[in-house]
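In the working numbering, the protein residues as written are 132 to 206.
Honestly, the hints are just simulated from the structure, not real lab data.
None of the values given here were measured: they were computed from a predicted structure.
Watch out, some of these pointers could steer you wrong.
FRET-style restraints, in silico, Cβ to Cβ [what the hints assert, rightly or not]:
| # | residue 1 | residue 2 | range |
| --- | --- | --- | --- |
| 1 | I168 | A143 | 31 to 39 Å |
| 2 | R163 | I188 | 14 to 22 Å |
| 3 | T161 | H141 | 24 to 32 Å |
| 4 | V176 | R148 | 20 to 28 Å |
| 5 | V185 | H141 | 28 to 36 Å |
| 6 | A149 | F206 | 12 to 20 Å |
Built from N, CA and C at the ideal position, the CB exists for glycine as well.
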Amino acid sequence: MTARKHYHMHWALWPFRALWTLIATVVGFTGRLVAMIIGFVFIVVGLLVSLTIVGAIVGIPLAIVGLLLVLRGIF
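Sequences are here, hints too, so could you generate the full structure?
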């Protein structure tokens, strides 16, 4: 078994850490290129959905997750 280091972080930053860990897991499973393609698709779909006011509730977070997938795929 490998020992994991547990870092203490402020409770307000936990959602960002959880989202980044989720995206890193997706990139680990799918690979960098596929994760970047999925990220670009999420960005485009998020922007298209957010053209309406009601769709912006779903579209903006979808575009942000897509941007994070692309960034994780690059770095």
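Task: CB-CB spacing for A143 and I168 relative to the 31 to 39 Å hint - done: With a Cβ separation near 33 Å, I168 and A143 satisfy 31 to 39 Å, so the hint holds.
Task: Cβ separation of T161 and H141, checked against the hinted range 24 to 32 Å - done: holds, 30 Å
Open item on the list: Looking only at beta-carbon atoms, does the pair A149, F206 fall within the given range of 12 to 20 Å?
Closed with: holds, 19 Å
Task: 28 to 36 Å as the expected CB spacing between H141 and V185, which holds or is violated - done: holds, 34 Å
- [ ] Using the Cβ atoms, figure out if R163 sits within 14 to 22 Å of I188.
- [x] violated, 30 Å
Task: Supplied distance hint 20 to 28 Å, evaluated on CB atoms of V176 and R148 - done: holds, 25 Å
In summary, the structure is inconsistent with hint 2 from the numbered list given earlier, while agreeing with all the others.
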